[in-house]
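Asker: From just these sequences and the hints, can you work out the full model?
Residue numbers (this note's numbering), protein chains in the order written: chain A, 268 to 647; chain B, 268 to 647; chain C, 268 to 647; chain D, 268 to 647.
There is no bait here: all hints are sound.
If chains are identical, the list can't say which one is meant, so a pair holds when it fits in one copy or spans any two.
In silico lysine to aspartate or glutamate, DMTMM-like type, Cα no more than 20 Å apart, as pairs:
#1 K549 with E573
#2 K381 with D398
#3 K549 with D580
#4 K304 with E375
#5 K646 with E446
#6 K646 with E633
#7 K304 with E323
#8 K549 with D577
#9 K335 with E387
It is worth saying that the hints were derived from the structure and are not from the lab.
For reference, the chains in residue letters:
Protein chains: 4
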Amino acid sequence: MPDEHWRMGKTCRHKGKFSMLVQMVLVMSGSFFMAEKMKAIAKLKPAPGAQLIEAEIPTIGPREILVKVRATSICGTDLHIYNWDPWAAGRIKTPMIFGHEFTGDVVEAGEDVKEVAVGEIVSAETHVICDTCYSCRIGEGHHCQNCQILGVDFQGCFADYVAIPAKNAWPNSPELPDEIACIQEPLGNAVFAVTEGSELVGKNVLILGVGPVGEMAVAVAKVCGAARVIVSEPNAGRREKAKAMGADFLIDPLNESVAERAMEILGGPLVDVVIDMSGNEKAIRDGFLALRNGGRFTMFGLPSNEVTLDLADSIIFKGAKVVGISGRKIWQTWYTVRELLDSGRLDVSPVVTHTFALEQFAEAFELMRSGSCGKVILKP
Amino acid sequence: MPDEHWRMGKTCRHKGKFSMLVQMVLVMSGSFFMAEKMKAIAKLKPAPGAQLIEAEIPTIGPREILVKVRATSICGTDLHIYNWDPWAAGRIKTPMIFGHEFTGDVVEAGEDVKEVAVGEIVSAETHVICDTCYSCRIGEGHHCQNCQILGVDFQGCFADYVAIPAKNAWPNSPELPDEIACIQEPLGNAVFAVTEGSELVGKNVLILGVGPVGEMAVAVAKVCGAARVIVSEPNAGRREKAKAMGADFLIDPLNESVAERAMEILGGPLVDVVIDMSGNEKAIRDGFLALRNGGRFTMFGLPSNEVTLDLADSIIFKGAKVVGISGRKIWQTWYTVRELLDSGRLDVSPVVTHTFALEQFAEAFELMRSGSCGKVILKP
Amino acid sequence: MPDEHWRMGKTCRHKGKFSMLVQMVLVMSGSFFMAEKMKAIAKLKPAPGAQLIEAEIPTIGPREILVKVRATSICGTDLHIYNWDPWAAGRIKTPMIFGHEFTGDVVEAGEDVKEVAVGEIVSAETHVICDTCYSCRIGEGHHCQNCQILGVDFQGCFADYVAIPAKNAWPNSPELPDEIACIQEPLGNAVFAVTEGSELVGKNVLILGVGPVGEMAVAVAKVCGAARVIVSEPNAGRREKAKAMGADFLIDPLNESVAERAMEILGGPLVDVVIDMSGNEKAIRDGFLALRNGGRFTMFGLPSNEVTLDLADSIIFKGAKVVGISGRKIWQTWYTVRELLDSGRLDVSPVVTHTFALEQFAEAFELMRSGSCGKVILKP
Amino acid sequence: MPDEHWRMGKTCRHKGKFSMLVQMVLVMSGSFFMAEKMKAIAKLKPAPGAQLIEAEIPTIGPREILVKVRATSICGTDLHIYNWDPWAAGRIKTPMIFGHEFTGDVVEAGEDVKEVAVGEIVSAETHVICDTCYSCRIGEGHHCQNCQILGVDFQGCFADYVAIPAKNAWPNSPELPDEIACIQEPLGNAVFAVTEGSELVGKNVLILGVGPVGEMAVAVAKVCGAARVIVSEPNAGRREKAKAMGADFLIDPLNESVAERAMEILGGPLVDVVIDMSGNEKAIRDGFLALRNGGRFTMFGLPSNEVTLDLADSIIFKGAKVVGISGRKIWQTWYTVRELLDSGRLDVSPVVTHTFALEQFAEAFELMRSGSCGKVILKP
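Answerer: Dropping the structure here:
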């Protein structure tokens, strides 16, 4: 029973199963597929780049569903895979269809599936957790020790179809636009990062780095009642976008001292919460300088190297709380995302800046590489 | 040294000191006061009503300040005193100048005062805490066992001048309108009630009873990220005001089943938080019926009698958390109020519906009695 | 597939399936069962009492396990069923084998079972949760809205064999004595009640009512670092047992004012936490009188009627937190129980006072009725 | 009014006031002091070492008390000052009587003192907080931005007498032995470090480094309900002492992999809480390796240099919470210390290993330097 691999959480779900019949590299067209084939973006060999391929439509196990993808969005992780950076080279087994953020229609459900039905529109929690480790059993599945990730550890969603465990499906309201539905997963990152560790009502928040998740974090922080959101970001275009998302003050860390400017804005050492979305060592050090005693420092951005910190001044004497964020709470964060979207409290549509056909993936990745964009959507 | 009484928290600060020279009952004018006299609204004898009197301007101790009142607002407690209900009869010692919500200018400061200076505009935390009991010493001054209340246990602010301990002064921004500055104390009640016990981001909230503090609670709950705020209130005018403050759904508990309607609105037993501002037994029972398992029930409204509850179904099987709210956190809540007002996140100005001259107090109290008003301001 | 009923959580798992071949009421012997029969204690008709019967050994579905019971203990709930009180009459459908606390050997496992294997010794979380409601999906399965209870809503463990969903099985260490293994479920109640809502390190705790779960709560509170545990209990024998479990002070509520005595012991209004295990109205009112401002009042005991409280003085002015407790956290509480037992930190063996053969059930229930016992074990 | 400096928190209370009449360096005797003189251990010039001097008995302001020291203990900070390390050279202004942990009798109280009376036995919270900064005003005085420390920023207690602000006095029970009374301040560090951030009931704790505060932390963690306390410490004698304080498992980090050994002990990545008392970079890195996903890492030990960490693996992917600890909560932690000592729950007497006369300070500091001791007491 193939989907039993999920339960063990030890092995890649589709390992060795992806029969890669790359009969031809497809260019600009998906029109001549046979019924059982689909187009997909895959990393075929351990090197930079990716290819549009024709692949078999996945078959599903008794607890899996097959989803016809409506829209998928590109994550920073996908860019790492595309660029084949050291992290990707160490983690990804080729051939691999990547991509993990999506929305689509359930077109087939395994015989044991109860969570969703054919015809529903779903997105997915992309972390497939083992349900058996200590973290999973105490309700902290987002800390699962055996987590497998869609499009990283098994075949992903940059494709016409994607197979996922039914337990990972999240039903969407039919009213939710596809462009928003497919970015709920990274929006969940933003919501989790902003809300975890302390509440924000009447608090002053400094967000370091506003790529797409940072931009969403700005909007979320405002919805959570933050009095003022200060953004530090070297890219002028992203600063402007942050302003549109609700940022009250903007800092260019290349030209200003972040901590001094934040204190000047607030009239003292009054940054209650710092949220690092950059993974940049200087930004992190700046953030600790700005943080008030007793404040919260949330780490979400992934540093590419080790980071050197003065722990005494940054954390110990400050009585700081540092919160590491990975993934989203399953399903608490998803419910929060849904309620904020459904109620109209949160509008993240400005974050979506570009939409491409799946076949235009190379153009889309170049745009991602330039940084001159928010979320980029691919439509199969 | 008179202000030492504060420290002990055992006795009323001004007890026996209010030399009531009621030379005449003043009508409609304050122009002929001598320098050391002031006009004030006082309860002179243990009976309903109040009188406009001429009183001596308070003298201050070394740690007290004298404030020239700019504006004062009427609290439900003041109405209890005015009406001389059983609670008032058991608590208030006449003669008593009542009133406790105000803003004004510091015109004199005792020799040991460091907290504020002459010329500053201040409101006051109206609970004078002992600083020595266990609650005070563990940072929970709002739970002080020896709390004395301005305008209840010692002479209040329905007057040209009021004397308070300097440690109770809260400096206001000069930009803050007097009408808002003077209602920060009850706004603090609303903020404390809404925020204590669990955060509201993406949550559904049911508020029972929307007098002025309830109305403010509606606006605060929205600022805190509540997905939906449902209000149950029998008074149609107040329901309308709640709508203006941001309520998403309105229930008339006289004509609808509160719990059934709330579940209908939300599509299930999904009220995460109930905030009772009414003190009404039926409302409280309704609220528990509506509350989801594991939800929070906040009690702020004061029932006039004992309340009978099915604890098994209301609290135990539900795994409910019940949170009692009295006063405000000193000074955490005040900072939250300030940040929300200063940053423009929160607008409670619609709550203020009427302004009267101090001399028109009788008219103001009649209006309060009718319930056809929000906050009512008196200006000396 | 019979075990699918669990998923829906809507219906009783074994409803209509318990083919009651009560060929004879068995007296004092289990030796002449056929291979497919077992002895069991069942409520055959809606009236007080129970009967020893011969029943078919349960068959299991693909996600269920069959357990050969080593030991089972009698819960207060079982006594309610035995006595056929109004709660039981409203909830229990006869015929019903009751009983839910047990330990035993897995002798058969359905084809889809992965959680445990034949040969393991297991106890069970007795609340079968639906996994699909909001509470379940946010990691609060103990608040499940569709919870079904072993021995209440479907056939229980007062028998040679019991069938349970594999997901509800909790593997026991082979070193754990059967008498302790089978009382882990109520011990979990005690651990959850003691730990939920605030930590106890250096705190003073008042426990109201010390039946077996209350006795365990005394020991747990001490392990949690409580400075002093005060017990109020009218039964002298139970007070003595509480002392043996670690209680520091004992109050007889029939002869002393609980609140006055507690304050006398502590030198002031310094009861930080009250845990009601009695469900008794007077005890609950006493407890609120004793509770300090800002303290925690945990409700676990189930009042048989509605309770009348002065909410203003008991909860609102006190700033009290009231915490309703039902069940246990799945599986956080179970892990805590395991760690405390395995590490030798917690010894609850004195709570077990009597062991009977299953056939002696009538004697055991009479003893339970008398109150002159701790936990009573039945061994098939 | 000299004690007003406390209020401002900006300046050293006794700065420039310590009239150092060092008429002679005293050797081994305090018998020929005049009435207004006292003996003290002072750092007279910015260099290693200290001297026994004759100094004037401090005069007190209206809100200060004069305490005749019964016993004082040596903190690691005092050793830094004695050794004149870079931190001390940058912080301490000579001449300075150092020392801050003590117990003694109140022999004089300023006219405005209400907190304690002559005749009481007191210890002191050694952090003199400003009461006016944001942290102080929100009940987080332990995060005060203007904190002044006894024996660091103003004259300390290695002397016959010490003057402190009355608000910093903590009354001791007359039954408390002097050796325990004087170490309550560092015991408060241990209690704060162990309890802050998450509760320990049934949890597995790894303590890195067991100097005296670490030893106390071991005992405190056990009192808090920790299932198992694992200690990593290179000094064999300290490991033995940790065992005596209740440690369940000992690791020598010079000969074993801390993380591997901890997981071997626990049967998996199950260290719930790491408490670093060492400030050692390798220990900190070891600790993060050992920490389970979602665990708490408490930092108390002060690294002498910046520390390099893999934040992605240590904190972000782990979803770790890092908690910086400085000082103690005022007065929550002191109450916890008192309740645990008074109730007999906690015994830290084995931590006190040596007692010297104040005149033997050089011998005491040499012993401290060797590390072959627990807490060392000096008696004037």
